[in-house]
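Participant: Sequence:
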Amino acid sequence: MVLSIAKKNQIEMPICEQVYQVTQGLVSPTEAVNHLMSREQVNE
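Following the numbering used here from start to finish, the sequence shown increments by one per residue and tops out at 74.
Keep in mind the hints are simulated off the structure, nothing from the lab.
There is no bait here: all hints are sound.
Label pairs and their computed distance ranges (CB to CB):
| # | residue 1 | residue 2 | range |
| --- | --- | --- | --- |
| 1 | N39 | T60 | 29 to 35 Å |
| 2 | V32 | P59 | 17 to 23 Å |
| 3 | V57 | K37 | 15 to 21 Å |
| 4 | V63 | L33 | 17 to 23 Å |
| 5 | Q71 | C46 | 16 to 22 Å |
| 6 | Q40 | L66 | 16 to 22 Å |
| 7 | K38 | T60 | 27 to 33 Å |
| 8 | Q71 | I41 | 16 to 22 Å |
| 9 | I41 | M67 | 19 to 25 Å |
| 10 | L33 | P59 | 14 to 20 Å |
| 11 | M31 | Q71 | 26 to 32 Å |
No experiment lies behind these values; they were computed from the predicted model shown.
All residues carry an ideal CB built from backbone N, CA and C; glycine is no exception.
Given the sequences, and given the hints that come with them, work out the whole structure.
Facilitator: Structure representation (structure tokens):
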């Protein structure tokens, strides 16, 4: 639900996306952390 609202409003939520993928068995926790840590840093 959170991700669908975020996508509808074009809001990036990388942590929520990775938690979803881990809980659905799509990626391992290690893969999720590696993906998050490899993202380009941005000012928020």
